[in-house]
Every structure is written in C-alpha cells, then in structure tokens.
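Student: Please dock the two separately framed chains into a single complex, following the hints provided.
Residue numbers (the numbering used here), protein chains in the order written: chain A, 1 to 405; chain B, 1001 to 1168.
Treat the hints as calculated values from the structure; they're not laboratory data.
Among the hints, a few may not be true.
[As the list claims (entries may be wrong)] Rough simulated footprint, nothing fancy, chain A against chain B, three-plus residues with beta-carbon under 8 Å:
(1) 1010-1019
(2) 1057-1068
(3) 1081-1095
[As the list claims (entries may be wrong)] Derived DEER-like restraints, expressed as beta-carbon distance ranges:
(4) A:E394 - B:T1087: 36 to 42 Å
(5) B:G1024 - A:D287: 52 to 58 Å
(6) A:D139 - B:R1135: 53 to 59 Å
(7) B:E1155 - A:R72: 52 to 58 Å
Heads up, the beta-carbon is just placed ideally off N, CA and C, and yes, glycines get one too.
What follows is the residue order along each chain.
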Amino acid sequence: MTSDVRRLLEAHGRAEREVYMDNENSGRVPPEVVEAMLPYFNQVGYGHPSITNRPGWEAFEVVQETAEVVARTIGADPEDIHFTHSGTEANNLAILGVARANRSRGRKIVVSAVEHLSVILPAESLEDAGFKVVRAPVDEEGFVDQDVLAELVDRETVLVSVQTVNHEIGTIQRVRGLSEVVRDKNADVIFHTDACDAYGRVRIDADAMGVDMITLSSHKILGPKGVGVLYVADGVKVEPVLRGALSSQPLWPGVENVPAMAGFKRAIELAFEDFDGANERVRALRDRLMDSVLARVPETLLNGPRGEERVSDNLNLSFLHVEGEALTVELSIRGVYVSSGSACTSRILEPSHVLLAIGRRYEEAHGSILFRLTRYHTRDDVDYVARQVPEAVERLRRISPLGKG
Amino acid sequence: MSTRVPLPYTPKVLELFRNPKNLGKMENPDTVAQAGSPACGDVISLYLRIVERDGVEVIEDAKFESYGCAANIAAASMLTEMIKGKTVRQAWEVGWQEVAEALGGLPPVKRHCSILAVGALRRAIRAYYGKKGRRPDWLPEGLTMAEKQALEEEEFIERMYGGRLERG
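Isolated chain B, as found in the complex (with noise of 0.2 Å):
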C-alpha cells in the first residue's frame, strides 16, 4: 500500500469553495453553535432555522460562517444542504463520514473538517433543547462518539502543545 499522503482535495471540495451554499451569518436564529478553534486554525459557526410542522420539528434553514481551509467550507456548505428540510431527528443522525463521502471522499488529514461540521450540528441541536427546556428521548444525555469526537478535535493543539498556546 502506498504511504505517499493523499490528494487533499476533490473537485467537490473545490467546487464549493468557490461557490458556497448556505453561506453567512443567519438573523435571529433558533439555535446557533460553533466548533474548532482559532489556535487550531478551524472553526465553523452554524446557524439554524427550526420550524413545526405536524408536531415535528425540522430544520427550515441552515447556514454558516467558516474560518478554516478550503475543505472545512466544504465540509460546512455540504452539511447544510444535507440538513436542509430533514427533521431535527434526522439531521442528528448525519454522520461526519455521510459529509466526507459526499465531498468526494477527504483524506485522513482533512477528516476533521467534517467531524467539525457534525460537531457543530449537534452542539446547535442540543442547544435548541437546551433552551426548549426539555430532551426528547431520542436525544442521548451524554456525549456521543461524534461529539466527543470533535472536542478532540478543539482539544488537538492544546493536548500536542501543552502550555505553549498560553503565549502571546
């Protein structure tokens, strides 16, 4: 098997890099995340338009701010058209490998650009009910894989480099 480090980028990836969907800072939204950190060098803020309809919820508008390589705007545009008009449920169940594949595939190095994406999906839905006041019981109380996935993610450099962010 060949070593070599893979091609990071797919036409896709570069296709929504230059053309975005869903992109920008959303008006008075119903819920609202952000995931990576500036020191890591990714983060993404996603926002939310949740609506009833027939007594379920689902996801009207999602849209997002990237700071981050051409993947992680990819990865972000890509999740929110995924979103777009499932139900909340639905959208939890996304996987960050669902939004890899759909970019064309990201290599191992770029993987975290859509665990990020996924991580701020969830924390956004969580906060929706969080503010709600109530968990529906499809919503598990502890963290899951994903989740905890991408606080690994934010806690990557500080757990490299120790201290060494405390600088400047």
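Same shape as in the complex, but just chain A (with noise of 0.2 Å):
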C-alpha cells in the first residue's frame, strides 16, 4: 500500500510551480507556527495536563492559555472554552452531547441543509434514539432564511444548528437574525454555530449572535491539525459522548494534543493581528482569482453568494461538461491543489449535499472546484492559477462527449 502511494507520486512528478489553494481541507502552517509548537515535544510541557508534575503543569499553562485566547475572540470565558481533537470531533460533542443531555425537554433537531457532515450525520443518527431530525432548507445562495427557520422550530425543539460561514460555498449566514427568532419561538433551544470557517475571517462573539455553543478549529485558520474547540455557554447541559478518565477537558477525555494547542494560539494570534487588513488583500486576490476565471472560461457557475455576504478567501466554481475530479488530477499536474463537490472525490458517489441543496442539478456539482486562499498567497499565485485552470478546463472539455451541440 504504501508503496503503491510512492509510485503514484512518482509518476505524478512535481510541477515547476505549486499552488496550494486547497486550505478548506487543510493546507500548510507558516513557519511561526511550528515555531511555537516545538519546545512542547521535548523541552517544556511534554508531560500530561491533568499530572501533578512539572512538565504536566507546564503542558497545563498551554492547555489554560490557549483556552484565554480562543475565550477574548469569540467574547467567552475561557472557563467555557473545551477542547477537541477536531471541528468534526467537536461537532459530535455539540449534537449528540446537548440530545442526549437533555432529551426528557424534547427530542427535535434542526439542522441546516448545508451544514457539515459532522453536524448532520451525527443529527441523523439520533433518528435510532427517537429523534426527528430536519433539514432546513436554504436559498440559492445558501442562506438560511429567518421564517423558513422560525417554521421549523416548535416546543419540542431542543438544538438548532446553523453555521455561522458554510464550508464550501462561503455563505455567511445572518446568525444574529436566525438565533433571535429561534428564541421568539422557543426560547429554551440550545444554539449552536459551526464557525470553523469563520473564525479568524468573520468577527465571532457568542453574545453579539446569541448562540450557545460554537465550534472552532485550529487547521481551518492555519493552526496545525490536531485540535478543536466546543465554547459551550454557562449553563448548557452537554453530556460527554467518550467515556474515560485522564484530561483536563471533562467534555471530552484523551490526552490534549498540547503541541498543537501552542500552533494553535500562535495562528490564532497571527490570523487576529491584522484581521480587517488581511482579509482585505484575501478578499482582493479572491475576486481577481473570480473574476479572471470567470471571464475567460465559459460555461462556468458560481456557487454562493457574491459581495460582502460571502466569506473574503471562499470560490467555488462549477465548470459545466468536465468532471471535477479529473480536473483536480489535471489541475495538481500542473502544480494547482485544490479539491472537488463531485461524486466521485465523496467516495460514497453522492455530490456534494451543499451544492445539491442551494438547487445546482448533479452534473454541475459534479463540475465543482473549491478553491480557498490565504493570506499567504499573491498576486503571481493567483494569475498563475488563472492561467491553468482554462487550459485544465479546456482540454477535459475536448476529451468530454457532452457539451459539443
């Protein structure tokens, strides 16, 4: 097996130049980052958080400080602040720990249609438990809409689940509105918002949006991979979904990844220094990427919404006639990363459900290319990257049957 993956890249090669556009998914750490985290595998804080020792203590002021920082950017008490090992494993605990703590007040779920599968399935599985799960719907766009949402929601309701910047087409949904109207119906609903692809790109405060827990992860604002957040509000019964004994996270048992949760408080402070500014110059590269593609390959579609509603480094595109799949095989032997809504990438054959559900048919989402930028990337990126992907484009496009007449 692991050589078979050797051969593969050797036949693959390398390109003379690399585009790495594939930060949805995960991507590269700057090097202050692993910068930070190194003294903690073997210099300092290398024992167990929860250990009287001193390197266990030493790992604990990691664990406290990251808590601290995570805690002032999201307007929360550090002490609300639990952490993960990932924005999936975090997801898990919000679902299924609210559910399950608190299912004599009800045993309905909303979700919405695009949330991530991390928020969903785990809803789904609920179903087994006696628990009416349902999707709400949303626009073309993507958006949640407040009196679709209100509908929903009734008595029995006990968790609503609306991310705060969908993960693939890069809606930002209008949190505020929707938390607000949810309580107008129920006010006892647990509020909950996937802000992994917001964090550090949208300003994120729990009281401003009126949600009661927020999921958070440190490799979606390029932290290393390794840890999420759960910031669970004062007074919100979660139930722990493992069961065991040594953390210092009583939420979610595991030793602390502590290496990482030092990455993590680094990237968080890097993504925080010059927030508005940055996201200007990622916003600004994203629409010459948008732009420049869309002028020179036809029969392309943007998926979500354009403008100040969509989160500044997301661009999703469908391009019509070619499978999205090879055009990431295509596109990654021309040194350009990035990744596809296709089937054929799911590996369970179903599209992406966000592009489904914001009404793209099958063969556009099967086109689907979803790139996300950095504030790392620059201008000679992005127009080598808009020189590649017509060309990709094109010739995917002369050996496809469909689309000739």
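Tutor: Okay, here's the thing in structure tokens:
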C-alpha cells in the first residue's frame, strides 16, 4: 500500500510552480506556528496536563493559555472553552452531547441543509433514539431564511445548528437574526453554530450572535491539525460522548494535543494581528481569481453569493461538461492543488450535499472546484492559477463528449 | 483486514489520463455507443471501425470520448487499446476485470469506470449487428451480466435518489 502511493507520486512528478489552494481541507502551517509548537515536543510541557508534576503543569499552562486566547477572540469565558482533537469531534460533541443531556425536554433537532456532515450525520444518527431531525432548506445562495427556520422550530425542539460560514460556498449566515427568531419561538432551544470557516475571517462573538455553542478548528485558520474547540455557554447541559479518565477536559477525554494547542494559539494571534487588513487583501486576490476565471472560461457557474455576504477567501466554481475529480488531477499535474464536490471525490458516489441544497443539478455539482486562499498567497499565485484553470478545463472539455451541441 | 479506503489511482491510470490513446470522435464510424449518464458523472462514447478480413469482422480502429474522472478516461483509453486488431467476437469477450487489471487494479469505488467502458463496447457491438440486421450465433440474445452491470451503473443515481434527479 505504502509503495503504491510512492509509485503514484513518482509518476505524478512535480510541477515547476506549485500553488496550494485547498486550504479548506487542510494546508501548510506557517513557520511561526511550527516554531511555537516545537518546544512542547521535548523541551517543555511534554507531560500530561492533568498530572501533578512540572512538565504536566507546563502542559496545563498551554491548555489554559490557549483557552484564554480563544475565549478573548469569541467574547467568551475561558472556563467555557472545551478542547477536542478536531472540528468534527467538537460538532459531534455539540449535537450528541446536547441531545443526550436534554432529551427529557424534547426530541426535535433542526440543522441547516448545508451544514458540515459532522453536524448532519451525528444528528441523523439520533433518529434511532427517537429524535426527529429536520434539515432547514436554504436559498440558491445558501442562506437560511429566518421565517423558514422559525417555522420549523416548535416546543419539542431542543437544538438548532446553523453554521456561521459555509465550508464549500462561503455563505455568511445572518446568525444573529436566526438565533433571535428561534428564541422567539422557543426560548429554551440551544443554538449551536459551527464557526470553523468563519474564525479569523468573520468576527465571532457569542453574545452578539446569540449562540450557546460554537465550534472552531485549528487547521482551518492555518494552525496545525489536531485541535478543535467547542464553546459551551454557562448553564448549557452537555453529556460527554467519549468515556475515559485522564484529561483536564471533562467533556472530551483523551490527552490534549499540547504542541498543537501551542501552535493553534500562535495561529490565532497571527490571524487576529491584522484581521481587517489581511481579509481585505485576501478578498481582493479572491475577486481577481474569480473575475479572471469567469472571464476566460465559458459555461462556468459561481456557487454561493457575491459581495460582502461571501467570506473573503472562498471561491467555488462549477465548470460544465467536465468532471471535478478529473479536473483536480489535471490541475494537480500542473501544480495547482484544489478539491471538488463531485461524486467521485466523495468516495460514496454522492455529489456535495451543499451544492444540491442550493439547487445545483447533479452534473453541475460534479464539475465543481473549491478554491480557498490565505493571506500568504500572492498576486503571482493567483495569476498562475487563473492561467492554468482555463487550460485544464479546455483539455478535459476536448476529451468530453458532452457540451458539443 | 484494513477498512481504509484504498488509493483510487495507479501510475498507469495517471499515465493514460495524461496521454490518452485513441482519444476523439471518429468520422463515419461503423458503430458507436454511449454508456453512463451526466447525472452520475460518468459518460463514455465509443466509436468503432470494423472491416471484414477473410470473412471475419475485425476492429480496425477504436476511438473514445469521456466525461468522467481520471480512472474513467484511463479505462476507456485502455479498452480501445485492448480491442484494436481483435475480431469483434474476441472483443466481445473482454471483461471489465481485464481492463481493471491492465490499469494496475482499480479499487471498488472506481470499478464502475471499467464496467461502463465494457458496457459501451458491448452496446456498440450489438448496435453494429442491429444495423446489419443479423445476429452471429456467439452473440447472446439476452443481456449478459456485464451489460446488466453497466445498465445498473447508469441507473445507480436514480435508484439511490429517486425523483430528486427531476429537479432543475
């Protein structure tokens, strides 16, 4: 198996120029962040944060400091910050933990149709336990409508989950308005927002947004993989999902990933250092890429909204008559690294549920490509991608029997 | 046994994706067929030039077009290479497993690519004899397992999602 991968990589080779734009799925960690992590592997804080010895206390200091930094950036109390090892884990904890702890109050859960699958799948897994799960529909730009959501919430509803920013099409939900109408219908509803794709790009404030729970993930803001966060407002009951003993995190046992936390903390500091300036620059680059590709490639659709209600770094395009996974391979050979919402990519042969939810047809979803920029991209990077994409699409359209009248 | 999803691509698949052989539409083919559907994200068009040599029908040339993932393109390319020069009867015998093996092995999630390629071939051969108005005795009257598998691939999305395909 390992040697198969090696042979494939050798056959693939390396392009002269490489531009990584798959930062939605994961990505390169800045050197300052790596540097912040290194001491915690073997110099300091390499102990267990729950154990009473010096390296353990040093490790606990990292956990505590990271919680403080996270709390400061989302208007929360550090005591309400719970660490997991990924955003997926935090979302699972939010959905399963709230449902199990509050089942006596009701058995209905409402999630938006465009949530990350780590929200939708745990919610639907609760159907076996007698829960009713409703997916709130979205409009063609991915927005959940206040009135539509309010209509779905009733006395039986214990939990509503609507993300702050969509992970595929960059839609910035009007979370404040949504949480208000939900509470008007039922003041006891626990409102969760998955803010993994908003953090560092859209201002998050638990009180201002009117939410009880927030999910965050380190690697989505250029931190290392291996740390997720669930903010849980004081008074919200959550039952642990995993059982274990040693951890300073009562809601999520398992030894904390202390080096990754040190890196996450540094990544947050970097993301908030020049929050508005960096976002403006990324937005300008993203728009340059979008305008250029749309101008050069006919029969291309923009997925998600335009303008201020789209997150600064996301671009999602559907190239008709080509299949997205083939396009990711073609672009990879050209040194442009992106991903697709096509069925082939998903391994379960179903195209992106987000694209289907905004009304894209199957063939439109199959041709989708997701780009996510970062503040480290340059104009040259963007221009290189904008040159490669039309050529790649053109080659695959020549191969394709579709779209030739 | 590992339940990890295996690597979907082999060096051979990547090579044929980069430099596909027999790519493109054929002018005035003796027979042509398409398999797959845009909704599934997989379509293969196969064109054949068939000549008679000493009373035997031989595939002189084969070309393809493909809308699909890299494995789909590679499978169609591989199949055209495998059948060129074969008699139509020999070509009929080519199974999707042989195509998959020639590509260095396809994991389960990519097998439908070679199933569709073989489905397109058999459909083209049937169309050829349909046009001629005769059926050689080696050509089964009913659909073979391989043809049924290709049909199943085409119906896959509809079976899974029912009426949802109607939208848009």
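Student: In this structure, is the beta-carbon distance linking B:G1024 and A:D287 contained in 52 to 58 Å?
Tutor: violated, 37 Å
Student: Quick check: do three or more residues in the segment 1057-1068 of chain B have a beta carbon closer than 8 Å to a beta carbon of chain A?
Tutor: Satisfied; 4 residues make the cut.
Student: Verify this for me: three or more residues of the segment 1010-1019 of chain B with a beta carbon less than 8 Å from a beta carbon of chain A.
Tutor: holds (count 6)
Student: Look at the Cβ atoms of A:D139 and B:R1135 and judge whether their distance stays inside 53 to 59 Å.
Tutor: Given about 54 Å between the Cβ atoms, the range holds.
Student: Count the residues of the segment 1081-1095 of chain B whose CB lies closer than 8 Å to any CB of chain A, then report whether that count reaches three.
Tutor: Our answer is that it is violated, as 0 residues pass the Cβ test (under 8 Å) against chain A, missing three.
Student: Do the Cβ positions of B:E1155 and A:R72 conform to the proposed distance bound of 52 to 58 Å?
Tutor: For A:R72 against B:E1155, whose Cβ atoms are near 55 Å apart, the range 52 to 58 Å holds.
Student: Is the hinted range of 36 to 42 Å satisfied by the C-beta distance from A:E394 to B:T1087?
Tutor: For A:E394 and B:T1087 the Cβ distance comes to about 38 Å; the hint holds.
Of the hints listed earlier, those the structure fails to meet are numbers 3, 5, in rising order.
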